[in-house]
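Number of protein chains: 2
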Amino acid sequence: MLGNFTYCNPTKLYFGEGAIKNLGGELAKYGKNVVLVYGGGSIKKNGIYDAVTAVLKERGKDVAEIAGVMPNPTLAKLYEGMEIARAHGADLILAVGGGSVCDYAKALAVSVHCEEDPWQKYYVRFEEPSCKIVPVACVLTMVGTGSEMNAGSVITNRETKQKIGHVFASEEVMPRFSVLDPTYTFTLPHYQMVAGIYDIFNHICEQYFSGEDDNTSDYIAEGLMRSVIRSGIDANKDPRDYEARSNLMWTATWALNTLIACGKATDWMVHMLGQAVGGVTDATHGMTLAAVSLAYYRHILPYGLKKFVRFAVNVWGVDPAGRTDEETAREGLAAMERWMKELGLVMNISELGVKESMLEELADVTLVMNGGYKALGREEIVEIFRESL
Amino acid sequence: MLGNFTYCNPTKLYFGEGAIKNLGGELAKYGKNVVLVYGGGSIKKNGIYDAVTAVLKERGKDVAEIAGVMPNPTLAKLYEGMEIARAHGADLILAVGGGSVCDYAKALAVSVHCEEDPWQKYYVRFEEPSCKIVPVACVLTMVGTGSEMNAGSVITNRETKQKIGHVFASEEVMPRFSVLDPTYTFTLPHYQMVAGIYDIFNHICEQYFSGEDDNTSDYIAEGLMRSVIRSGIDANKDPRDYEARSNLMWTATWALNTLIACGKATDWMVHMLGQAVGGVTDATHGMTLAAVSLAYYRHILPYGLKKFVRFAVNVWGVDPAGRTDEETAREGLAAMERWMKELGLVMNISELGVKESMLEELADVTLVMNGGYKALGREEIVEIFRESL
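From first to last, the protein sequence lines are chains A and B.
Numbered by the numbering used here, the letters in the first sequence go through residues 8 to 396 in order.
Numbered by the numbering used here, the letters in the second sequence go through residues 8 to 396 in order.
FYI, nobody ran anything at the bench for these hints, they're computed from the structure.
Errors might be hidden in some of the hints.
Okay, derived cross-link-like pairs now, DSS-like style, lysine-lysine, Cα gap no bigger than 27 Å in a straight line [as the list claims (entries may be wrong)]:
no.	chain 1	residue 1	chain 2	residue 2
1	B	LYS39	A	LYS39
2	B	LYS39	A	LYS139
3	A	LYS139	A	LYS170
4	A	LYS84	A	LYS168
Selected chain A positions facing chain B (in silico; Cβ < 8 Å) [said to hold, decoys possible]:
no.	residue
5	PHE22
6	GLY230
7	ASN254
8	ASN355
Every residue gets a Cβ at the ideal spot worked out from N, C-alpha and C, and that includes glycine.
So here's chain A without its partners, still in its complex pose:
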C-alpha cells in the first residue's frame, strides 16, 4: 500500500543529442556571475568544456571556475569552492560532469550563504538550509547517480573518514535545469560505463526490495529494471549505441529522483555494505555495489521471498511452473548474476582489494538501516562480506 508522501520535482530536463542548444536560453534567466564546476578535465578533451564556455561567453557571463572536483568530493574542496563562489557573488552554479560534480555543486549551493559550518549543519545535524540557496544547473557527462534531478549530495570528510549523503527536503536544492545529451557519455571508459549501469540497476533494487504489498511504485521499478537490463546488454556490445545510451541516461534519472520510492520504506542496505567497502578501498562505487549484491540478496531472500519470486518472474522472465517459490526466487538471482557477468562487473570484494582480515573492520563501519526485509545483525554482515570475498 502506498504510504502517504509528498512529491515535487521541478527540474527542467533537456534531453537528446544536441540538447546543449537550450543552455543559452536558460542562462538568460540568471544573473551575470556564473561559477563553473567540473572534474578532472576530461571535458576539456572531449569538447564539452569548449561548447559550454562558448555559450557562457555568448551570453556575456562573468565566469569563475572550480576545477578538479574529485570522484568523492571532499569537505576541503567544498571549503575551497565556498571562497571562490563568495568572492564571485555567484548567481548560478553550473556543474559540468557526472554525479560527483553535480553533488558538489548542490553542497556548494547551500553553503555559499550559510553562516555556520556546512559540514556540521548539513552532514552531521542533517538540517535544511536556512540561508539563500544559489541556483544549480547541470550538464551531465556520466550517468548513474541521478544527481541531475534530485536534491541529494554526498560529501566526504577525509579528516573524520566519513562519507555522508544528505537528501535535502527542499526542492530548491534540485538543479533548476539539466542538459542530458546521451552522446556525451559515448567516450566513457568501459569500466566506468558498466559500473554506472549497475549503479542504476541497484538504485532501483534498493527501493524495490521492501514490502510485499501491491504498490504502483514497484510496477514502475520493474519497468525501469527491464529497460536497464536490455540497454545494458546493448551498450556493453556497442558503447556508441545511441538507443541504449539514451535509455540508460533516462532510466538513471528516474531510478533516483524520488518517484519509485513514493509511498515505500527503504533501507538501502546494499549501499551501506558497498560504501563500507568503498571507504576501505576507494573502489568505484558501482563496483562495490556489484561485489556485495548477490551475497546480500541471497541472504535476505527467505525474509522477502514473495518479492523475490515477483522479481524473478516480472523482471527476469523466470517461469515459475514446476518450481518451488524458493527455486523461482533463486533462479531470478541466478539470471541477475549471468547479466552482471555478461557486463563484466566486479563480482567479489577480493578483486577490489578486500582481504579476509578486513571483514571485522568492514562490519564496524557498516550502517544498519531499517525498512527492508531484515535488519542485519553484526554476524550476518560479516558473513555477507565473507561470501562476497
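Fit chain B to the given chain A structure using the hints.
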C-alpha cells in the same frame, strides 16, 4: 529510440489519506483572494466542501465561488468565470473536483488577464498565454484525466459544437500543488469508477502503441498498465479498498503527466474515435473509449504486430510458446477484453446510443492523427465504428 524532448513538471503533490492537512500551509504562499471552483455539488454531500472552506476561512482568505462546472466545461461557463475571477482580483484558483473542474480552472487561469478572446487564442489558434497566468491548485475527487499534474485543458464550445483540448507548453499552467486523497474517491458511483479506470488504461495505451524500438517510456508504460489492471480488479471487487484506490490515483497521475510520452510519437486515435462518439451521444468519456478500443486495436494490429506481441507478453502474461506472433498478439487483446468485461465496461457503441445510420456522421467528425501504426482512411473509420456497434 528516445527522440529529443523537454521534460518539466513542477506540480507539488500531497498524496494519501488526510493529505488535506497540507492545504493550509500551501494557501499561505498566495494572496488573499481565492476563487473556489467546483462541479455539481457532490462535494457538499461528502464533506469535502466543508473541509476545504474551513481551511480557507482559517487562513483568512476572501473567497469567490464558481459552482456548477459541468463534465464537459463550456466556453459560456468560462466567460462567466472570467467575470467572477476578474471582479475578485483572483490570486489563486482552487479547483475541487475531478478532471473537468481542474481543466476548467486551468482555462480560467490563462483567461483572467487575457485581452483577447480565449477561445480564439487558445483553442482555435493554439497560442501560448502572453498574459499573467493566475496560479491554480487542485483538490482531486475523481481520478482518470491526470489533469492534477499536467497543463492540459479541454473546453467545449456548444455554439460551434467543438470540444477542443489544448496542452499548454508552459509549466506555469500546471497546478502549483494538488491534494490527492484516495479516500475522496470512495463514494464515486461504480459506473464512473470503472470508466475512470479504463480512461487511465487507455491513456497509457495511446502513448504505448507507437514505434517498435527499444524505449524506456514503453517499459514504464508497461509497469503502469500492470498496476492498473491489478488495482482495477481489486477496486471493482471492493471500491473502498484503499490499496487499490491509491494505486489507481497514482497511476492516473503518471499516465498523463507527459512522462511516458517522452521521446515518442503518439496519435491518440482511440480518443479521436471516442470523442466523436462522445460528441454525438454525450456519453461518459471513459466508456466511449472502451466501446471503440477493441475494434480499433484489432484493426491496426497487423501494422504494429511486434508491439502487440510485446503487449500480450509483458502486460498480459501471454505465453508465446506454440503461438504465431499474430496469435500471441490477438490473445493479448482477448485478455484485455476479459478484463474490460470483468470491470463491467460498456463494450459497444450501440449501448451508448449510436445507431448504424449514424456511422457516416461519426466518421465526418473523427480527426485522423499521425504518429501511430496506421493513418486511418475514411472507410476504415466507418468499418471500426461498425465493428464497435
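Here's how the hints hold up against the structure:
1. LYS39/B with LYS39/A: Between LYS39/B and LYS39/A the Cα gap is close to 35 Å, so the pair fails against 27 Å, i.e. violated.
2. LYS39/B with LYS139/A: Satisfied, since the Cα-Cα distance of roughly 26 Å is no more than 27 Å.
3. LYS139/A with LYS170/A: holds, 25 Å
4. LYS84/A with LYS168/A: holds, 15 Å
5. PHE22: With a closest approach of 5 Å, the PHE22/A hint holds.
6. GLY230: Where the cut-off is 8 Å and the nearest Cβ of chain B is about 3 Å from GLY230/A, the hint holds.
7. ASN254: holds, 5 Å
8. ASN355: violated, 30 Å
The structure is inconsistent with the numbered hints 1 and 8, although it conforms to all the rest.
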